[in-house]
Structure formats: C-alpha cells, structure tokens
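These protein sequence lines map, in sequence, to chains G and D. If you count by our numbering, then the first sequence holds residues 6 to 268, one letter each, in order. If you count by our numbering, then the second sequence holds residues 6 to 268, one letter each, in order.
FYI, nobody ran anything at the bench for these hints, they're computed from the structure. Because the structure is a prediction, the values reported are computed rather than measured.
Copies of the same chain look alike in the list, so a pair counts if it fits in one copy or across any two.
27 Å max Cα-Cα, derived DSS-like pairs, lysine-lysine:
#1 K133 to K259
#2 K207 to K249
#3 K91 to K133
#4 K249 to K7
#5 K133 to K7
#6 K249 to K259
#7 K207 to K91
Protein chains: 2
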Amino acid sequence: MKAGYFQTHPEFGEVNRNIEQVAARLGSVDCDLLVLPEFAFTGYQFIGLEEVIELSERVPDGPTTQACIEFARRYRMHVVAGLPEKAGPHCYNSAIVVGPSGFLGCYRKTHLFCEETLFFSPGDSGFKVWDVGPARIGVMICFDWYYPESARTLALQGADILCHPSNLVLPHCPDAMVTRSLENRIFSITANRVGQEARGDKPPLTFIGKSEVVSPAGRILARASADTPELTVVEIDVNEARNKSINPYNELLKDRRPGHYCS
Amino acid sequence: MKAGYFQTHPEFGEVNRNIEQVAARLGSVDCDLLVLPEFAFTGYQFIGLEEVIELSERVPDGPTTQACIEFARRYRMHVVAGLPEKAGPHCYNSAIVVGPSGFLGCYRKTHLFCEETLFFSPGDSGFKVWDVGPARIGVMICFDWYYPESARTLALQGADILCHPSNLVLPHCPDAMVTRSLENRIFSITANRVGQEARGDKPPLTFIGKSEVVSPAGRILARASADTPELTVVEIDVNEARNKSINPYNELLKDRRPGHYCS
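Turn these sequences into a full structure, and let the hints steer you where they fit.
As structure tokens, then:
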C-alpha cells in the first residue's frame, strides 16, 4: 500500500485556508493512507482557554472532520489528522481517522505536553486500532512517543502502522521513532509541521520538521527536511509488520516476559 | 561520581588470562563504578552445551566472582560484569554486582538472544536495583535493551544508572540507548566488546564496540570506537537522574498513565 506524511506549515487560526491548502494538494497524490500533523489546521500555540474553545470542534460533526471526510472520499484515501476537539465541557488534543467510507474514529492524546496541560483534558479514549483496507493502524500524538508504552500498547493491539501526528519542538523524536518501530517491528509515520509560532508574549516555538516513515526493521524509508512543507508517499508491505520474527530463535512479542515487568 | 565502561577484547575460553588483563588495567584508573561486557571473561560464541557447562561458574563462590570481588576491594570500586552462571541444573546468562564490601548480587538475563536460548535458561531473578554509594544501579544485559520494559522496570524501581553489559552484534543498540536514557531520565552505561568470533562451523560474529555513557537528557557523554579496547570513565551527577521534571508541566514518571497501557 502507499502511505506517507504531509509535513505542513499551517497559519495559526486560519482553519479554512489551511484545510483548502491541504485539499488542493491531494488531488495529485496517489496514496492509501496519509498522516497530517497534530493540530493540522489550527496551529499549535494557543495563548488562552477562550481561544482553545473557539478553535475546538465537535467530532465528527464539526467542519474540520467533515472536510477531511470529504477529501478522503474524493481522493479515496484514509487520512489521520490532529485537531482540538470539543466534547461537553472538555477540550481534547485529538486525531481523527477518516476514509472513503466516512468517519472511522477519534483518538484523544494520552500524554499532554507542557502548556497543553493548561488547556486540554488528558485523553480518555485510550490507544485504539482501526482497519483501513490492508492495514491496521494505531494512532498516537506527538509527545506520546516519549512513553514507550504508547507504541507498545498499539503493537499489542495488532497495529501494523503507527500514525503519529506531531508538532515537535524538541530534537529527539525522529531518531527515537526508529527505536519505536524496531522494538515493536511496526511501521511508523510521523507527520510533523514546520515553521515558527510566537503568539502573544510567549517564547517562540520552532517546529523541527523531519517527518518520516520508518520500517519495522528500523530503516528510515523517508525523512523530510527541517523547514520545508513536503508530501511524501512510499510503498510499504504491511506483512513486514506482521512478521515478528527477529531471528530463528526470537519472536518479538512472544518473547516478552510481562511477569518481570513493572507496570 | 566517576563511572564508565571497559570495552574489552576477551579471548574465548581463556578466563584466567582475560581476568588478569582486566585487573592489570584497573590499578591506574580512578573510578567508582565500572561496567564490563556480557560474558566478559569467557567469550560469547559457545558451540555446545558441554562447553557452556564447563565455562559456567557458581555465583558468588566461583573463581570469576571471587576475582572480581578481589579487584573491586583492592581498587575500591563497584564492578558489574557478565558471566555464564551455573545454578543447580541451570546455566544463566548473568551479571554480578560487586564492590569494596564484597558481593552485592546477581542478575540473570531476562530476554535471551538467538542461540543463547539453546544453552541458557531464561533469567528468573527479575530486574533488580542495588545501592552502590551515591547511586542506585540497575542491571540489564545486552538484548534486554530491545524490550523497553527492561529499562522502564529498573527506572520505576528507582535506578539512577542502567548498567548494561553487552556483546552487541546488531547495529541499533547504541542509538537506542539514547532513547532508553531519555524516556527514563536515567544514565546508561553500555559496556560492549570488540573483535570477532567464528568458532566451530558457526558464522562469524563481529562485535560492534561503541560502548557508551548516556545522560538522562539523552546526551552521549562518551562513546567508544567500533574496534578497539577502551576504558573510559566520566564524572556524572546522579541527581540528574533523580530530577524527573521534563518542563514545568511534565514529570516523567508521574505523568505515566498505566490505566491506558497494555502489559
């Protein structure tokens, strides 16, 4: 199957324009599964709760989810994209999964990073896996990478591909995702954004780009630049992620010894 | 405190000579904690069970443990070193912890790699932590790195330093240990060996060297070459590993959400 990332450069608060820019690019792409960044259409650096509430949307009824369903249908691809979700009294840092058949589901970020803790509720969805044609995909968002339990939980649920919408500002994640793929023998697609935000009197954030696709053997199949928008799709064989054999004597998941692990 | 690795090049089966070579080098070293490789004095590539039984020793009564106690006393340092351990009907891939006060304990490798599964019993000790003066150390052996649960379990038990005797032949571990340190905010000391073994009619093994010390912030404080014996000691402040704050909003271990993890 053809899977990849769209490393974008959204303009803060310009949701419609950011959606249009993504949609306009998709018509020329042959792709089965595309991962977009965390907060793909809103931007990241919220300066207060009011702004968060204003830019958060219901899922799946809100316009962003509906727009994603629309272009997933039109271009016959599955899309994973981050957005601020409004649900009752809560806002969540969420990612939706949509496809040609419509809305598939939503993941709410488990491990909130830094000032996100001021504005968003800790995710209550848990880690989930969806069937998207030939592959089972699991979703984790940005800082979830820091906790190996995130990727492991998705692998134990049978994910073939980690879809990882991100807004990375720290340097370690691109290399760490090689370890995440390897230790779970699973594909990973990290979709990061580029550009800077320095809103209100907040210190500037520089997003580090380097979106990537990593194979279950820990090979970097594609890695984007640090500062330029980029849509990259690679051909992957999901069966590679289903073969958990490391060598004739070691089966990755079967050889776990949970009785010796602290949880 | 001063902590480091001794990247060695043992000759297979020449236990006494390998011990003497290590001991001879220690007199000139100012060190509080030194990590030696997996199977530090026997070599790695056993060709049959008889050989394993012949080279395995009781712990702590066997000559290798006694020799390590002797040089730990003489040079007033703690030493972690791998050896094949004989215990009743079993042989284990083990690592001993010894210090100026004598024998402290033994860890038996939890995740056996490749043909080790033919000759050794899976470790039954579980992951353990020892106080060695200013630091608490945890021990894991070589392929244990592949399973993030190993380092996590030691961190949750309060380890400041992962002591990681290894005989690495695959390329990924040195970079992955940066992730292991970072995701646990813990020091790690990987002591690998160098050289080749091609015993009996077995395919040759090339050990990749690159022993290293990594800080809790994921900084490589020292990394050895791929092919040369090397003893390196660095000054570390264990308090760095006790500060689990990532930023003013995130505390690494407190922010775990075990209710959402599969174990």
